[in-house]
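Please build the complex by placing chain F on the supplied structure of chain Z, with the hints as guidance.
Residue numbers (the working numbering), protein chains in the order written: chain Z, 2 to 117; chain F, 2 to 117.
Treat the hints with caution; some may be incorrect.
One copy or two, it doesn't matter: identical chains are merged, so the pair holds either way.
Using 25 Å as the maximum straight-line C-alpha spacing, the simulated BS3-like pairs for lysine-lysine come out as follows [as the list claims (entries may be wrong)]:
no. : residue 1 : residue 2
1   : K69       : K38
2   : K4        : K40
3   : K38       : K6
4   : K4        : K71
5   : K36       : K10
6   : K78       : K36
7   : K106      : K4
8   : K36       : K69
9   : K4        : K75
10  : K6        : K75
11  : K78       : K4
12  : K71       : K36
What the hints contain is simulated information worked out from the structure, not anything from laboratory work.
All figures in this text were calculated on a predicted structure; none of them were measured in a lab.
There are 2 protein chains.
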Amino acid sequence: MIKTKNDLKSITVNGLREGIGIINITHLLSLEELKNKGKLFGKLELEINSSIGFHKHIDDFEVYYILKGKGLVKDNKANYIVEEGDVIYTTSGESHSLTNIGENKLELLAVVINLE
Amino acid sequence: MIKTKNDLKSITVNGLREGIGIINITHLLSLEELKNKGKLFGKLELEINSSIGFHKHIDDFEVYYILKGKGLVKDNKANYIVEEGDVIYTTSGESHSLTNIGENKLELLAVVINLE
Chain Z
2 MIKTKNDLKS
12 ITVNGLREGI
22 GIINITHLLS
32 LEELKNKGKL
42 FGKLELEINS
52 SIGFHKHIDD
62 FEVYYILKGK
72 GLVKDNKANY
82 IVEEGDVIYT
92 TSGESHSLTN
102 IGENKLELLA
112 VVINLE
Chain F
2 MIKTKNDLKS
12 ITVNGLREGI
22 GIINITHLLS
32 LEELKNKGKL
42 FGKLELEINS
52 SIGFHKHIDD
62 FEVYYILKGK
72 GLVKDNKANY
82 IVEEGDVIYT
92 TSGESHSLTN
102 IGENKLELLA
112 VVINLE
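Next up, chain Z with everything else stripped away, as it sits in the complex (with noise of 0.2 Å):
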């Protein structure tokens, strides 16, 4: 199946995982392609100083793959600052938070793979 970027609906959040601002998220696939082994597989991006609050990921994991833009990770108690390219790889026990700190979008891929 073909879904072209036209076809692909965003929404828009305020306080993602009790971040701050506005985060607009587009599905690439749905619950249902997911087919129970995953819960999220979307593109994200984060305005300007918006954030994906600090959250533990329990029974899954997660990566974020940065598309453009320059953001801060908190990935447990160490921070850093990532760009187009790096990847962010959480699993199960771990936490983590990213904010937009660059001059333009944040652009990322977040995918989250269930353990169970």
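Just chain F now, kept in the frame of chain Z:
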């Protein structure tokens, strides 16, 4: 865990899935990190005219997310042109191929998740 773009190593294959030409594969996650939930989480770069040969998926599904360039997808029996932002979803029992028909590299994310 953070993996910067510079940490990630790419490998070069010639004739992926019996396709034509050179493809560079950067594994964003290892099989260990995929924890038996998937077979591939990688970035692929197809040189001009290179292709991933037509192949069938059994007991898994694959997502291609086009990052840059222009490709021709054979999705089961239909052909489509795909570009940046397009998604190709191929589940168990289905087949696909992908050919770079653009004038630059064709870059995409490829993710294979197990259904068993």
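Requested in this report: Could you tell me which of the hints above the structure violates, numbers in ascending order?
Outcome: Hints 1, 8, 12 not satisfied by this model.
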